[in-house]
Each structure stands twice: as structure tokens, then as C-alpha cells.
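*Asks:* Given next are the chains, with one letter for each unit.
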Amino acid sequence: MAQIKLSNLKHSYYPNPQGPEDYALKEIDVTWRDGGAYALLGPSGCGKSTLLNIISGLLMPSEGRILFGDSDVTALPPDQRNIAQVFQFPVIYDTMSVRENLAFPLKNRGAAPDKIASRVQEIAEMLDVVEMLDTRAAGLSPDNKQKISMGRGLVRDDVNVVMFDEPLTVIDPHLKWKLRSKLKELHQRVQATMIYVTHDQTEALTFADEVVVMQEGEVVQIGTPVDLFERPQHTFVGHFIGSPGMNVLPCQATGDHAMFEGHEVALEGPVTGDGGTLTLGVRPEHVAIGESGVPAHVTKVSDVGRHFIVEAMVGQTPLKAVLDHGAPEQGSEVRLSFDAAKTRVYRDGWIATQERGA
Amino acid sequence: MRTENQKAWLFVIPVLALVAFNALVPMMTVVNYSVQETFGNNQFFWEGLGWFEQILRSDRFQAALGRQFMFTAIILAIEVPLGIIVALSMPRKGFWVPVCLVLMALPMLIPWNVVGSMWNIFTLPKIGLLGYFLNDVLGINYDMTQQPISAWITVVVMDVWHWTSLVVLLCYAGLVSIPDAYYQAAKIDGASAWSVFRYIQLPKMKAVLTIAVLLRFMDSFNIYTEPFVLTGGGPGNSTTLLSIDLVKIALGQFDLGPAAAMSLIYFAITLLVSWVFYVLMTKDDQP
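In order, the protein sequences belong to chains B and E. Position 226, counted from 1, in the first sequence is what the working numbering calls 226; the numbers after and before it change by one each time, with no gaps. Position 74, counted from 1, in the second sequence is what the working numbering calls 74; the numbers after and before it change by one each time, with no gaps.
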């Protein structure tokens, strides 16, 4: 087990990449602490699977290094990295029994038979599959197959990191939740570093201690689920995480105020830097209806159970608010106020306000 | 509530008629001949199971059957492993995939009697390209018109040339359907190339391989045109396979009764062996 460090990692699927658009991964620098639970979150095609395959050794990065602890594993093949990977579609060896499936990685590495037997037993108990050990793996349900492919990763006690590549895609919704809590439990028991790739924010936020959000081959923010929600570093994070996502509105800024559709809006702190395109970011949860504020016309109110989602137009700009109670009538004129401490300006997508007192 | 509507039977009639005229009627004609003796003039005499007994006891039939089994065993033993090896070494993606597929399919597109003629001309000792090369350049004494061994080798090589592609294409279809994740998982699990073949590729190819073996068994067991055109069953009777012998009896000697009995025995053997193959190859499919 070891800390994993990715240093100046770049990858292109083209033999001679010309510009940044040819890179599936642009400049990745991340350090993953030993024993942590991480999620790699991003939309399809953002490079998260590429990154995963580079860590596991299935892909050689075009540039940069991968360090497990102090050793450079960039050039090592997957079987020498002591990693485990669980794929989107459960991979099991059809002709083998569950027991043989679990024993396979140990057998290939020439472990002693009694050690294999005890490890397999231990892992089977952990995964609740003891009673299936002698059945043929081909006949199992998808969730059990996925457990077995996970087990094949965990059975080795020297495993550095267990990686999950959207492992719940083919699992029935009611079993997803079960398997997810099993994963969390396993992480606490085996203490191995786990990296979980997904495009589903719920999966990422419930599994991980720290989430790495990716977009177009770049890491846009690394943080705890609370960080990502409370203070998105990039409009993409704000929009991608949360349901509905953060309002991203056109604006101008002066000092610690922004002008939005001709109205002055207070910000969390002074705006830094200059140039670029400015946008105002505020989560629907931090928009309230009050006596004063920006005048808006309510276009739609949806009751989603725990709260109301209000869609409104301010001038020509649509925005959303989430209210616990007291939703206005559709078609009515209201005034919206933004929580200043949670309202920020973004320059070319990146956060451009300083937190007061920070 | 029970419905009394029997209209559905009407819709089955076309299929019944089709099956009757292309299978049942011809088949029953053969059965009819197999239990009677005729001397022409449409006069028939009841023979019972006499022809069957005569055929089964005849040395000629037993020898032809032996040759038939040997031929089928040899070509299966060559074509199945060779087909798997070729399929494994074909590219999975890129420019060469269609090229390989077309090259593989070519021999199968050639009409059977053309294949026989091609190989005949190709292997004739004095004038054939291969025959001339073997005899006059390499100094190997090879003459498929005179030596039973040469004739056998030629018939087998011809069949391998003609039909290995079928095994290749079926296996290839099985191979390309294996998701990359299997190979990646195997790499991570530290599996050797042999383990990958044994535990991933072979199990995934099993269904198509079963079909390939069955098709190759049936086709090779019933083979007629190519060896007939190539060797005519000779030299002597050395390459007279069952179907060639059957045609000799039926159309050469015009012994309709024995020929009919032999056809039925032939059919029964093909059916029985196919069934045994199928059962053996699919018996552990049930989890």
C-alpha cells in the first residue's frame, strides 16, 4: 500500500498530438493519500477512464510519471503494479466456480494453496458470498458477478489501490444502494486506497472522502463533497454538482459588487484579476424570495417533494431557485435576493472572488 | 375457458406442405425402395430388411464407412485447431480486418466442382503446377492418380484449403465479441497467454465452435463433389468415400434397393453422430 502520485501526466491517443485539443488528458497533477476513498467525477468523455487506465497500467501516458510511494511505476505492466480494477461490466471467468474465480489472481502469482484457501474464505465472508463458493460463476446475477470481480481485486493482500470504473452501471437500481454501502464498508475494512470513477454525482458524493472533478481532460477541482457544493472553484463544478446545478449568469463586476441585468448584487468578497468573460454563480439553494432584491417573473414552479424549484426570468436571463416553502404563483412578479456569502464571480469559468477573511 | 377455434391449423398448412414435398415425400420414396426389389417395368417385390442386412454385412460398405470416418476425423483434427489459431492471429481492428475477412471467405465462394477441378489440374503429376514442382523440382515421388497416400493427402489438403475458413470466420466472430475489459482484467489478474485462451477466449468461442464442428462434421461426412471430381474415388477404391460409393451403387449399378437402404443407414449415422457431438459439447452449459 502506498500513496499514489500523478505528476505532470498528459495523454493523447494520437501519435503526434498538435494542440491541446488532441490531448485526452491535459496536465494532471494529483496526489492520492494511502487508504483514502476517492471519486473521479465527470461527464462521459472527460478523460476519467483514460486516467484510470493509466493508473492501472493498461495505458502508457504520453508524458509524465506515476509514483506508487517512492517507486516510479510508469513503465510497469498492470500485473506488476499490485492494483485491482473493477470494470463497468462484471468480468468473471465463466467456466470457473466462484471459488476458482477468487483464487485466480493468487494462483497466477504462485501463492501457497493453504494461503489461497484462507484468503478466499476471508474475502468470501466479507462479500457475503460464502454459500455461492462452489457454484459456477456464469449463473450468478449481475450484482453478485460484480461482487466476485471486486473480490478478485481484494483477495490479494498486497494490493495498492482498488479502482472502480462505473461499477454500478449494469446493476438494478434497488441493488445499487446495497452494493454501494458494501463498497463503503469494504473500504473501511481493507484500508486500501480506492478510486471510484463515475458520472453519477450521488455515487461519487456518497462513496468518496474526496472527489476529483474532471472536465475535458483537466482536473477542475479536488475537494470534499461539502467543498464542491459550497464553494465550486469552476462554473462546471457548480453546474455539474447539485440538482438543479448552480445558476451561471452573465454579469459585470466592480469592487465587491457585481452588476446583473442592471441590478447590483453583493458578493462573498472582492473580485480578483481582470479581463476575460465574467459570470455570476449562485446556487438555487442560496436564492431567496423577499421584499427587496432583483425583480423577476416566475415562469414555472415544480413541487419535487422535499422542496419547490422555482424558475424565473430576470430580464432576458432565466434562473432557478430552490425554496423549502412559500413558493410563489406561476406568472407572479417577485423579488429575488442572493445570499452574498455564497455568491461569486467567475472569470472564464474559474472562481474570481476572494472569500472575506480568507 | 376453452376455445374451440381450430383456425390456427389453416396457417400451418403451407409449412406442412413445404416440409412434406421437400423432405417427407422424397424420404418416404427412399424408404419405399429400401424394402423392395425391382427389375424394372415398375414391378416390385417385398424384400423386408434384407437390403439393410446385406449392406451392413458387406465388406465394401464397411470399408467405405471406415474411410469416411477417417477422412472426417483427419479434417476435423486439422481444421478446428488451425481455424482457431488463424482466428486468434487475425487483427481485431484496423485496415487489415476487411482484407483478412475477404481473403478468408474467398475459398468458400468457389463452387464445389470448380474446387475439385482446380485441385485436379493443380496436382496432376506432369502438367499440374504443384505436381510438376514436387516431382521434377523437389524430386518427391508424388502422383495422386496412382498412389493412395498421395491421393489421400491431396483430398485432405483440398478440404482444409476449402473449409478451414468457415471455422476461422465463426471463431473470429466469437473472439471479436469479447469486451476489452476481459483482457484488461486478465492482465491485472496476472493471467498467462494460455490462461487467457483457456478461461476467456475458448469459453466465449464455445458456442460458435460447437456450430463450426457440427457443420464441418456434417459437410465432410456427406462430402461428394470435390473428391469425386479430383480422384473419382481412386486410385482403386482408396478415396471412395460413402457418398461416392452410394452413387456408384445407385446410378452405376442401378441397384435401387441396396442404394436406398444404404442412404438410410448413412443418414442415420450422420444424424446419430451429430446428436452425440451436440450433446457432448453442450452438456455443461447448464449452470
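Source of the hints: derived by calculation from the structure; they are not laboratory data. Since the structure is predicted, the reported quantities are computational estimates derived from the model, not experimental observations. Note that CB positions come from ideal geometry on N, CA and C, so glycine has one too. Where hints are given, some of them may not hold.
To be verified - Partial selection, computed: residues in chain E whose CB lies under 8 Å from chain B:
| id | residue |
| --- | --- |
| 1 | Ala-185 |
| 2 | Ala-191 |
| 3 | Trp-194 |
| 4 | Phe-197 |
| 5 | Ile-200 |
| 6 | Ser-274 |
| 7 | Val-276 |
Said to hold, decoys possible - The calculated DSSO-like cross-link candidates involving lysine-lysine, where the alpha carbons are at most 27 Å apart (straight line), are:
| id | chain 1 | residue 1 | chain 2 | residue 2 |
| --- | --- | --- | --- | --- |
| 8 | B | Lys-300 | B | Lys-320 |
| 9 | B | Lys-320 | B | Lys-342 |
| 10 | B | Lys-182 | B | Lys-115 |
| 11 | E | Lys-7 | E | Lys-93 |
| 12 | B | Lys-107 | E | Lys-93 |
| 13 | E | Lys-248 | B | Lys-10 |
| 14 | B | Lys-10 | B | Lys-26 |
| 15 | B | Lys-342 | B | Lys-300 |
| 16 | E | Lys-204 | E | Lys-187 |
| 17 | E | Lys-283 | B | Lys-184 |
| 18 | E | Lys-248 | E | Lys-93 |
| 19 | E | Lys-187 | B | Lys-182 |
| 20 | B | Lys-107 | B | Lys-178 |
| 21 | E | Lys-204 | B | Lys-107 |
| 22 | B | Lys-115 | B | Lys-5 |
| 23 | B | Lys-10 | E | Lys-206 |
| 24 | B | Lys-115 | E | Lys-204 |
| 25 | E | Lys-126 | E | Lys-206 |
| 26 | E | Lys-204 | B | Lys-10 |
| 27 | E | Lys-204 | E | Lys-283 |
| 28 | E | Lys-93 | E | Lys-187 |
| 29 | E | Lys-187 | E | Lys-206 |
| 30 | B | Lys-5 | B | Lys-26 |
| 31 | B | Lys-5 | E | Lys-283 |
*Asks:* Determine for every hint whether it applies to the structure shown.
*Replies:* These are the hints, each one checked on the structure:
1. Ala-185: This interface hint holds because 4 Å falls under the 8 Å limit.
2. Ala-191: This hint holds: E:Ala-191 lies near chain B, its Cβ roughly 6 Å from the closest one there, short of 8 Å.
3. Trp-194: Not OK, violated: E:Trp-194 not within 8 Å of chain B, min 11 Å.
4. Phe-197: 12 Å, violated
5. Ile-200: 7 Å, holds
6. Ser-274: Since chain B brings no Cβ nearer than about 24 Å to E:Ser-274, farther than 8 Å, the hint is violated.
7. Val-276: Violated: closest Cβ of chain B sits about 22 Å from E:Val-276, beyond 8 Å.
8. B:Lys-300 to B:Lys-320: 9 Å, holds
9. B:Lys-320 to B:Lys-342: OK: B:Lys-320 and B:Lys-342 at ~15 Å, within 27 Å.
10. B:Lys-182 to B:Lys-115: Within the cut-off at roughly 25 Å; holds.
11. E:Lys-7 to E:Lys-93: 52 Å, violated
12. B:Lys-107 to E:Lys-93: Cα-Cα ~32 Å, so violated.
13. E:Lys-248 to B:Lys-10: 74 Å, violated
14. B:Lys-10 to B:Lys-26: Distance of about 5 Å is within 27 Å: holds.
15. B:Lys-342 to B:Lys-300: Roughly 24 Å between the alpha carbons, so the hint for B:Lys-342 and B:Lys-300 holds.
16. E:Lys-204 to E:Lys-187: 17 Å, holds
17. E:Lys-283 to B:Lys-184: Violated, because 41 Å separates the two Cα atoms, which is more than 27 Å.
18. E:Lys-248 to E:Lys-93: Given pair E:Lys-248, E:Lys-93 is violated - Cα atoms ~49 Å apart, limit 27 Å.
19. E:Lys-187 to B:Lys-182: 26 Å, holds
20. B:Lys-107 to B:Lys-178: 30 Å, violated
21. E:Lys-204 to B:Lys-107: Holds: E:Lys-204 and B:Lys-107 sit about 22 Å apart, inside 27 Å.
22. B:Lys-115 to B:Lys-5: 31 Å, violated
23. B:Lys-10 to E:Lys-206: 41 Å, violated
24. B:Lys-115 to E:Lys-204: 30 Å, violated
25. E:Lys-126 to E:Lys-206: Distance ~45 Å between E:Lys-126 and E:Lys-206 Cα, so the pair is violated.
26. E:Lys-204 to B:Lys-10: 36 Å, violated
27. E:Lys-204 to E:Lys-283: The given pair, whose Cα atoms are some 16 Å apart, holds under the 27 Å limit.
28. E:Lys-93 to E:Lys-187: 20 Å, holds
29. E:Lys-187 to E:Lys-206: 22 Å, holds
30. B:Lys-5 to B:Lys-26: Answer holds: B:Lys-5 to B:Lys-26 is near 16 Å, not above 27 Å.
31. B:Lys-5 to E:Lys-283: At roughly 50 Å apart (the allowed maximum being 27 Å), E:Lys-283 and B:Lys-5 break the hint.
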